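In order, the protein sequences belong to chains A and B.
Mapped onto the numbering used here, the consecutive letters of the first sequence carry residue numbers 1 to 166.
Mapped onto the numbering used here, the consecutive letters of the second sequence carry residue numbers 1 to 166.
If you are wondering where the hints come from, they were derived from the structure by calculation, not from laboratory data.
Computed from a predicted model, the values in this text were never measured in an experiment.
Take the hints with a grain of salt, since some may be wrong.
Said to hold, decoys possible - Okay, derived cross-link-like pairs now, DSSO-like style, lysine-lysine, Cα gap no bigger than 30 Å in a straight line: (1) B:Lys-120 with A:Lys-134; (2) B:Lys-134 with B:Lys-120; (3) B:Lys-148 with A:Lys-43; (4) B:Lys-43 with A:Lys-134; (5) A:Lys-126 with B:Lys-148; (6) A:Lys-120 with B:Lys-148; (7) A:Lys-148 with B:Lys-134; (8) B:Lys-63 with A:Lys-43; (9) B:Lys-63 with A:Lys-120; (10) B:Lys-43 with A:Lys-43; (11) A:Lys-160 with A:Lys-134; (12) A:Lys-63 with B:Lys-148; (13) A:Lys-120 with B:Lys-120; (14) A:Lys-148 with B:Lys-160; (15) B:Lys-63 with A:Lys-63; (16) B:Lys-43 with A:Lys-120; (17) A:Lys-43 with B:Lys-120; (18) A:Lys-148 with B:Lys-43; (19) A:Lys-120 with A:Lys-148; (20) A:Lys-63 with B:Lys-160; (21) B:Lys-63 with A:Lys-126; (22) A:Lys-63 with B:Lys-120; (23) B:Lys-126 with A:Lys-63.
Unchecked claim - Here are the simulated distance ranges between beta carbons: (24) B:Glu-78 with A:Thr-67: 28 to 38 Å; (25) A:Thr-158 with B:Asn-84: 48 to 58 Å; (26) B:Ser-164 with A:Gly-149: 41 to 51 Å; (27) A:Tyr-165 with B:Asn-163: 29 to 39 Å; (28) A:Pro-48 with B:Asn-163: 21 to 31 Å; (29) A:Thr-67 with B:Glu-65: 19 to 29 Å; (30) B:Tyr-165 with A:Lys-160: 29 to 39 Å; (31) A:Arg-166 with B:Lys-43: 28 to 38 Å; (32) B:Asn-45 with A:Gln-135: 24 to 34 Å; (33) A:Arg-166 with B:Gln-108: 21 to 31 Å; (34) B:Asp-159 with A:Arg-166: 53 to 63 Å; (35) B:Lys-43 with A:Pro-79: 41 to 51 Å; (36) B:Gln-135 with A:Asn-163: 15 to 25 Å.
A virtual CB, placed ideally from N, CA and C, is assigned to each residue, including glycine.
There are 2 protein chains.
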Amino acid sequence: MVRILVIAATLAAGISFTSYAQTTPTASVAVKPASTQGPVFPKGNRAPATNFTGTVYVYSLVKDEPTFNCASSNVTFEPGARSNWHSHPAGQILMVTDGLGYYQEEGQPVRLLHKGEVVKAQPNVKHWHGASPKQAMTHIALNVNTEKGIVTWLNPVTDKEYNSYR
Amino acid sequence: MVRILVIAATLAAGISFTSYAQTTPTASVAVKPASTQGPVFPKGNRAPATNFTGTVYVYSLVKDEPTFNCASSNVTFEPGARSNWHSHPAGQILMVTDGLGYYQEEGQPVRLLHKGEVVKAQPNVKHWHGASPKQAMTHIALNVNTEKGIVTWLNPVTDKEYNSYR
Chain A
1 MVRILVIAAT LAAGISFTSY AQTTPTASVA VKPASTQGPV FPKGNRAPAT
51 NFTGTVYVYS LVKDEPTFNC ASSNVTFEPG ARSNWHSHPA GQILMVTDGL
101 GYYQEEGQPV RLLHKGEVVK AQPNVKHWHG ASPKQAMTHI ALNVNTEKGI
151 VTWLNPVTDK EYNSYR
Chain B
1 MVRILVIAAT LAAGISFTSY AQTTPTASVA VKPASTQGPV FPKGNRAPAT
51 NFTGTVYVYS LVKDEPTFNC ASSNVTFEPG ARSNWHSHPA GQILMVTDGL
101 GYYQEEGQPV RLLHKGEVVK AQPNVKHWHG ASPKQAMTHI ALNVNTEKGI
151 VTWLNPVTDK EYNSYR
């Protein structure tokens, strides 16, 4: 009449699961506080198809006005999605907050963008940014010195250009 | 009679744990991909005690230089920690990326800062920011138009001021 066994397993990431067979099944899952989970900012609305390929969401963080001369948005690119080629008269700063993305400046190879990276696109440098093919990417896009202008939109990024990452 | 059980545990980026005991109770814990967990930016180094009360970490995101006229840091306040009173000649933008914080402008009551909020401190408005008493707070601090200057540090926030939140 042997009964019983005990399982005690501690899994990474602070998750613990304890099960007592037969009599008292108990599960205890410790998770981080809600505030540390999920995206930092709302996804926002679909970006205009004229300036992007694929599914892109934009949520405005800072509206441009003359005291701060600053415009900022949280931008989420679904896998495969990307901006058109474009440039900024005063440059642009990208702060990657999630996922894995692509970034390319004209004449340079496509490079990866990782969560936590900060990239500066210098004034008038043609570039594009987006998600990698299988993973979404979210970044804060930051335009400063907007009295000089914000953005000049150019051609879409072709599939050949997008798939040139090696 | 011996009964039996089987444990099959798969630990990976997505952690799942399955236990079969007697009647097959099953627990499945789905965790988000690693990239969406944990803080976005590194914590950085301890902030100077001269300008802060309590434990504060600062990680530089953007170093000030004349092309962008922009300085930005990721700042983490442990519970109870806060900046001194201060002001910015060109104002400051805060983007709260985690936790629950406090923010006060001179002559106004202390208000809560939640994850996802964006706050503008107007030029030369005396203010302070920090964590709430029992929960840490992390924000991106963004100074633009830095050709006008960055910050004027003032007195520490007293316990009476800090505890005035209602």
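Broken hints, by number
1, 3, 7, 14, 18, 20, 27, 28, 30, 33, 35 and 36
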